[in-house]
Structures are given as structure tokens and as C-alpha cells.
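Colleague: Going by our numbering, the sequence shown opens with residue 500, and the numbers climb by one from there.
Watch out, some of these pointers could steer you wrong.
Claimed, not checked - Beta-carbon label-pair distances, calculated as ranges:
1) Pro616 <-> Ile563: 26 to 32 angstroms
2) Tyr648 <-> Leu625: 28 to 34 angstroms
3) Thr658 <-> Ser626: 48 to 54 angstroms
4) Ala551 <-> Asn656: 50 to 56 angstroms
5) Phe546 <-> Leu645: 27 to 33 angstroms
6) Met657 <-> Pro627: 44 to 50 angstroms
7) Thr658 <-> Ile615: 39 to 45 angstroms
Stated by the list, open to error - Once the Cα atoms are required to be at most 30 angstroms apart in a straight line, the calculated DSSO-like pairs of lysine-lysine come out as:
8) Lys525 <-> Lys667
9) Lys672 <-> Lys527
10) Lys527 <-> Lys628
11) Lys527 <-> Lys673
The set of hints was computed from the structure by calculation and includes no laboratory data. No experiment lies behind these values; they were computed from the predicted model shown. Ideal Cβ positions, reconstructed from N, Cα and C, are used throughout, including at glycine.
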Amino acid sequence: MNTIIGLLIIAVGSMGQSSSYVPINKIKDWSWENFWLVQGVFAWLVFPLLGAFMANSLPELFSIYGSTGAATLQAVGFGVLWGVGGLTFGLSMRYLGIALGQSVALGTCAAFGTLIPAMLTGTDLLSPKGLILLFAVAVTLVGITLVGYAGSLRSRNMTDEERRKAIKDFALKKGLLIALLSGVMSACFSLGL
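Whenever a hint applies, use it, and build me the whole structure from the sequences.
Modeller: So, in C-alpha cells, the structure goes:
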């Protein structure tokens, strides 16, 4: 019986995930931030709490939340920071374009998300295992750099009008700061594990 309930929950979640962008046609004139704020409030606050209320009584919920340990709260905190990374990732695309925005944000996320947990767990980065880790991060960063370079080559072939249309809100300084923030915050996912 628990398996069937679990599968039903997964099915409902899958339908919710796959239909989350359906309203986007109705809100074409909304700014990006407004759409994400409304989506975030419902996806991360309203519906999870609604699901918790459907599965438990109010006293049970208070008991569950009250008995939460520090490690769980720490993981939730890193999850919140990871969510900030996801939100700012979209903004970095807005201000830098896909090629540069993804390169900076994903490169930062890959480096921080791999190296910080290794350093926090006491991994010696100069040992054979640590050197392999550093090499893997370097290869990843080279790959992401190549993708960014390829995107910049593509954008060079665009006319000024096409470029302005593609990135109407281009702002290099603001975009780089947001992309770096996105990368560091997105790396918190691996810290939460």
C-alpha cells in the first residue's frame, strides 16, 4: 500500500513539475522576477505546506518541525541558498546572455561545489586523490570555457539588432556579479548533502 501511495505522490509531483510553465503564456507581460516570485511562493511554500497538512494533523506537524535536528536545519539552510542560486542563475542569463552567463555561473558552481566540500572534509588536495580532483575541476572549467567561447563566436555572427534583441537587458558588471553569486549559491547543494 505504501508503494502505491508513493507512486501516486510521484505522479502528482511529476504532473505539477511538467505543468509548472503552462501559465507562462498568460503572463507574457510580467517581468521575469515577478513570475519567479509567484512560482516560488507556490512551489516552495504553499504547496509543500498544503501537502504536509494533508498528510498530518496540525499538532503532528508542530511535533515534526519541533524535533528537527541541527543537521537537518543546516541542510534546509543550504537548500535555501541553493534556491537563491537557481533564481540568480536565470538573472545571469538575462544580463549576460546564455553563453557568458552559463559559463561564469556553471564554472563557479563546479569549482566551489567540488572543492569546498572536499576541503571541509579534510581532503588533502595535494595527495593523489586530491590532484585527481583538481584535474577534474580544471577539465570541467576548460570545457565550460570552450562552451562560453563557442557561444561568443556565435553571437559575433549576429547583427547588432539581433544581439540587442537577444540580450535586451545586457549589463556586464551587474551580470558578472549575479553570475558569481549564482555559482557560489548553487554550490551550496553539495554542502547540504
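Colleague: Hint by hint, say whether it matches the structure.
Modeller: Okay, the hints, checked on the actual structure:
1. Pro616 <-> Ile563: 26 to 32 angstroms: holds (28 angstroms)
2. Tyr648 <-> Leu625: 28 to 34 angstroms: holds (30 angstroms)
3. Thr658 <-> Ser626: 48 to 54 angstroms: holds (52 angstroms)
4. Ala551 <-> Asn656: 50 to 56 angstroms: holds (51 angstroms)
5. Phe546 <-> Leu645: 27 to 33 angstroms: violated (39 angstroms)
6. Met657 <-> Pro627: 44 to 50 angstroms: 46 angstroms Cβ-Cβ, so the 44 to 50 angstroms window holds.
7. Thr658 <-> Ile615: 39 to 45 angstroms: holds (42 angstroms)
8. Lys525 <-> Lys667: holds (22 angstroms)
9. Lys672 <-> Lys527: holds (27 angstroms)
10. Lys527 <-> Lys628: Violated: lysine 527 and lysine 628 sit about 50 angstroms apart, past 30 angstroms.
11. Lys527 <-> Lys673: holds (24 angstroms)
In terms of the numbered hints stated before, the structure departs from hints 5 and 10, listed from lowest to highest.
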